[in-house]
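Q: Sequence order for the protein chains is H and W.
When we follow my numbering, the leftmost residue of the first sequence carries the number 1, and every step to the right adds one.
When we follow my numbering, the leftmost residue of the second sequence carries the number 1, and every step to the right adds one.
A short list of chain H residues far from chain W (calculated; beta carbon distances all over 10 Å):
| # | residue |
| --- | --- |
| 1 | G299 |
| 2 | D520 |
| 3 | G572 |
| 4 | E604 |
| 5 | P683 |
| 6 | T710 |
| 7 | Q718 |
| 8 | R732 |
Here are some, though not all, of the chain H residues that point toward chain W, as calculated from beta-carbon distances under 10 Å:
| # | residue |
| --- | --- |
| 9 | H151 |
| 10 | S155 |
| 11 | A243 |
| 12 | D421 |
| 13 | H450 |
Calculated from the structure, these hints are not laboratory results.
Here the structure is a predicted model, which means the values were calculated and not measured.
For glycine and all other residues, C-beta sits at the position ideal for the given N, C-alpha and C.
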Amino acid sequence: MSAEALAPHRALGLTDAEYELIVEKLGREPNAVELSMFSLMWSEHCAYKHSKKLLGQLPTEGPYLLMGPGENAGAVDVGDGLAIAFKVESHNHPSAVEPFQGAATGVGGILRDVFAVGARPIAVLDSLRFGELDSARSRYLLEHAVGGIGHYGNSIGVPTIGGELYFEGPYEQNCLVNAMALGIAQHERLTRSAATGPGNALILFGALTGRDGIGGASVLASAELGEGDADKRPTVQIGDPFAEKKLMECSLELLDRELLVSLQDLGAAGLTSSSSEMASKGGLGLDIHVDRVPLREPGMEPFEIMVSESQERMLCVVEPARVDEVLAVCAKWETTATVIGEVTDSGRLRVLSGGDVVGDMPVEALVDDCPLYDLAPEKPSAPIYPAPRRTLDTDDPAAILPAMLGSWNLADRRPVFEQYDCLVQSRTVRRPDDADAAVLLLPPTADGAHPAIAVSIDGSGRRVACDPYRGTVEAVLECAANLACVGAEPLGLTNCLNFGNPEKPHIAWQLSESVRGMADACRALDVPVVGGNVSLYNEGPDGPIYPTPVVGMVGRLPDAARAGRLGFAIEGDAIAFAGPFTPSLPGSELAKLRGEALPDGLPEIDVAAVRKAQEAIRDAVRRGELRSAHDVAEGGLAAALAECCLGGGHGATLDFRGAGTEGERLLETLFGEGPGGFVLSGPRPVLAALAREIQLTFVGEVGPADDALTLTLDDGAQLSWPLADLRAARARGLADALDS
Amino acid sequence: MRFGVLRFPGTCDEVDAQLACERVGEATILWHGDTDLQGVDAIVVPGGFSYGDYLRVGAIARFAPIMESVIQFAREGGPVLGICNGFQVLCEAGLLPGALLPNRTLRFVCRQVDLVVEHADTVFTNACAEGERLSIPAKHTTGCWYAPPELAEQVEANGQVLLRYAPGENFNGSLGDVAGVRNEAGNVFGLMPHPEHAVDPLTGSTDGLKLFQSIANHVGAHVG
Numbered sequence: 001m002s003a004e005a006l007a008p009h010r011a012l013g014l015t016d017a018e019y020e021l022i023v024e025k026l027g028r029e030p031n032a033v034e035l036s037m038f039s040l041m042w043s044e045h046c047a048y049k050h051s052k053k054l055l056g057q058l059p060t061e062g063p064y065l066l067m068g069p070g071e072n073a074g075a076v077d078v079g080d081g082l083a084i085a086f087k088v089e090s091h092n093h094p095s096a097v098e099p100f101q102g103a104a105t106g107v108g109g110i111l112r113d114v115f116a117v118g119a120r121p122i123a124v125l126d127s128l129r130f131g132e133l134d135s136a137r138s139r140y141l142l143e144h145a146v147g148g149i150g151h152y153g154n155s156i157g158v159p160t161i162g163g164e165l166y167f168e169g170p171y172e173q174n175c176l177v178n179a180m181a182l183g184i185a186q187h188e189r190l191t192r193s194a195a196t197g198p199g200n201a202l203i204l205f206g207a208l209t210g211r212d213g214i215g216g217a218s219v220l221a222s223a224e225l226g227e228g229d230a231d232k233r234p235t236v237q238i239g240d241p242f243a244e245k246k247l248m249e250c251s252l253e254l255l256d257r258e259l260l261v262s263l264q265d266l267g268a269a270g271l272t273s274s275s276s277e278m279a280s281k282g283g284l285g286l287d288i289h290v291d292r293v294p295l296r297e298p299g300m301e302p303f304e305i306m307v308s309e310s311q312e313r314m315l316c317v318v319e320p321a322r323v324d325e326v327l328a329v330c331a332k333w334e335t336t337a338t339v340i341g342e343v344t345d346s347g348r349l350r351v352l353s354g355g356d357v358v359g360d361m362p363v364e365a366l367v368d369d370c371p372l373y374d375l376a377p378e379k380p381s382a383p384i385y386p387a388p389r390r391t392l393d394t395d396d397p398a399a400i401l402p403a404m405l406g407s408w409n410l411a412d413r414r415p416v417f418e419q420y421d422c423l424v425q426s427r428t429v430r431r432p433d434d435a436d437a438a439v440l441l442l443p444p445t446a447d448g449a450h451p452a453i454a455v456s457i458d459g460s461g462r463r464v465a466c467d468p469y470r471g472t473v474e475a476v477l478e479c480a481a482n483l484a485c486v487g488a489e490p491l492g493l494t495n496c497l498n499f500g501n502p503e504k505p506h507i508a509w510q511l512s513e514s515v516r517g518m519a520d521a522c523r524a525l526d527v528p529v530v531g532g533n534v535s536l537y538n539e540g541p542d543g544p545i546y547p548t549p550v551v552g553m554v555g556r557l558p559d560a561a562r563a564g565r566l567g568f569a570i571e572g573d574a575i576a577f578a579g580p581f582t583p584s585l586p587g588s589e590l591a592k593l594r595g596e597a598l599p600d601g602l603p604e605i606d607v608a609a610v611r612k613a614q615e616a617i618r619d620a621v622r623r624g625e626l627r628s629a630h631d632v633a634e635g636g637l638a639a640a641l642a643e644c645c646l647g648g649g650h651g652a653t654l655d656f657r658g659a660g661t662e663g664e665r666l667l668e669t670l671f672g673e674g675p676g677g678f679v680l681s682g683p684r685p686v687l688a689a690l691a692r693e694i695q696l697t698f699v700g701e702v703g704p705a706d707d708a709l710t711l712t713l714d715d716g717a718q719l720s721w722p723l724a725d726l727r728a729a730r731a732r733g734l735a736d737a738l739d740s
Numbered sequence: 001m002r003f004g005v006l007r008f009p010g011t012c013d014e015v016d017a018q019l020a021c022e023r024v025g026e027a028t029i030l031w032h033g034d035t036d037l038q039g040v041d042a043i044v045v046p047g048g049f050s051y052g053d054y055l056r057v058g059a060i061a062r063f064a065p066i067m068e069s070v071i072q073f074a075r076e077g078g079p080v081l082g083i084c085n086g087f088q089v090l091c092e093a094g095l096l097p098g099a100l101l102p103n104r105t106l107r108f109v110c111r112q113v114d115l116v117v118e119h120a121d122t123v124f125t126n127a128c129a130e131g132e133r134l135s136i137p138a139k140h141t142t143g144c145w146y147a148p149p150e151l152a153e154q155v156e157a158n159g160q161v162l163l164r165y166a167p168g169e170n171f172n173g174s175l176g177d178v179a180g181v182r183n184e185a186g187n188v189f190g191l192m193p194h195p196e197h198a199v200d201p202l203t204g205s206t207d208g209l210k211l212f213q214s215i216a217n218h219v220g221a222h223v224g
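Just chain H, same shape as in the assembly:
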């Protein structure tokens, strides 16, 4: 190895130019403590140096927005003086190395973000991607990531109410584990993280500080995974949900008693990131005495204490007169709390140990001076991804539907979501599988109404790989469609951008096009982005992941009792297809199962028409007129119909004559995908009225309970699937993989 390769700043992930800039900002060479702190604060994970310029395109203003990007979580107004705080964050790299702890601490981290802003966490959702389940590694990652999410969320008493889960080859080495959390607070209780008041005390409370997770942000989250990743195992943090439960109750009690000036969680880059962010937002300085930090193991160096990513810790600023009260509340919750420093007006972050200054840096240099890079996007001239492996050898629609429902991307998610407590806190109005979005009760209003919020998380990497711009627009529309199906109006959106190495032109192109698509879709729907997270460098020797922007949307509905369901409910109800839906096969689940290469581009989308359909359907659900509403997604109309039948336990008889069922058209009609389509059921006059507002076609009738899904084609022939067969096919896919 050459002497150059051993340069400490390179080993920590900084470029030579970045190192020179640090020297310039300090006016001297950094010492080891300072260098390790800069390397974290200037990592992709903390500084967003390859994405920050792009993210400026996203709309961050809206009528319901209370707190936008920049705080630990964003927040929207849900009426009656209440706010919902929410955010999604990735824990991809740790989960690829150690899935149980990686996923568990991902949930722990996003929960801390939510209670750091003063909101009581009320729900978790997760978005997961793994390689195909015929790989032992993917089955291992799935089982343990799901186990870790359940372990943490269940033990802490926050329901996991929804999520999404897909399997594609490009996630084989880099799985994605994105967790979203929501919290509820009175408007006035929303807390910011800026440190204010020189002379105020800085208190660290929660778990002891150990050597776990040292350098996680720079080593794991900001570089590609490759050979020898087992060596990175010590950089994965270990979660303790019991410690977090006490920490959460303690934090919320401290805020209820109005004892804190500001509050911040310790996540990636530990004390370094949390303290410098607090100081930066307040425009002040901080002195931190690392020798006062309670340690899990003796002999830790100052730099180790500053960069440790030990979980379940919080940092708060407290007026000197309130310190004793704060320590008493922490003692009540059996949570260690220590005054480790104070707010200064120096504008510098100083690290002290045994009375010596062991680090002294301008806060601005740490937080704001990391160079931001322009991407060099270039559309690739040849396909980046190999065609999926062919797993379906038939063109017979009668055989395709059960095969598709049993495939890993469409199979029943019950074996996964049954491992999560979706009920604790007594708010869950729609559980997983009841409806397209989860629905949670808000407190009743003074006039006796029962409003609710709805939430959904969506993203389709394969569609975005086909067309980064339109694929991302589709993801935003899909999320809004899910809210519309339960009767909710979208209030705000959070996103997690999971991409490969942005220093490569084709990944830069995917990222830029995707962000442009998200910005356009959010503007078209008038939904602001309240915050989010970026996870780059998700690639290994076999190439990059599918570009995977994940969006989480929160909406509100005025009457929980009328929240929509997806299943057909009453025999004899009319069934209609609604919305500006133009099915196409390239890039669809069927195309994947048939091993077809990804197309270069997806069809154009009439976003305004989709919005209009969503609004009309939302209003009909709110009026209590529709018996079911389900959006058409993976697997097209046939899969959506099967889901409506199985969800409600009712068969259906549909007339597809005139819908285009000749030859290849039949497969496109049944299994083609695209945004804007809905399957609705209800009384015929209600649907007829809706047909005057939006595109709507009557296609059939809800049949007897537990009967069959039957379609009549152009030539009068019939396709018919007994529900028992479809149910059995759909039940097997994931259950078999988890139990093998």
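Given chain H, put chain W in place with the hints provided.
A: Quick look at chain W alone, frame taken from chain H:
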């Protein structure tokens, strides 16, 4: 009447239990470190993960100061209901027969289950009918009730099994499909499913309310 709902570090379902109790009476949260039961008429030991389920489920909570008072209250005939982790705590405290083992699948399962009411002439089921089916969610990793053969026989002979999983619903492998069991005296009852999550039509069934109503009926008749 007034219920006291215990809160240990790591308890998760105490607010849910409090809300359920408040549908039939008043309810107060009682802190694990206190010993004063504040004159409540009945105790609910709620679900969750007291002390993180460390060591063994319910094993640490059983030694909390409040439990001394709860054991005394139970010996004096006061009604005590243990739900999920509360059931585990009461077994550890020796107030209920048997023990809870890990589920057959070794996984956490959250599922709406049907229960059958075995006896309706009790403190906890007097608002139900014998043979009635209740739809109540269950959610746990360690809910497989077990007792050695002699004890199990005795429990059955005494009619201490108040709730059983309906046919096909026993996902955790409990002996004799036992979902809920009382003590010999009849004033302490524990069950793995969560009746406090089945008290509001907006969030599911209301069948769980019958257990809370039963306790209120009992206290009303005896304390008045």
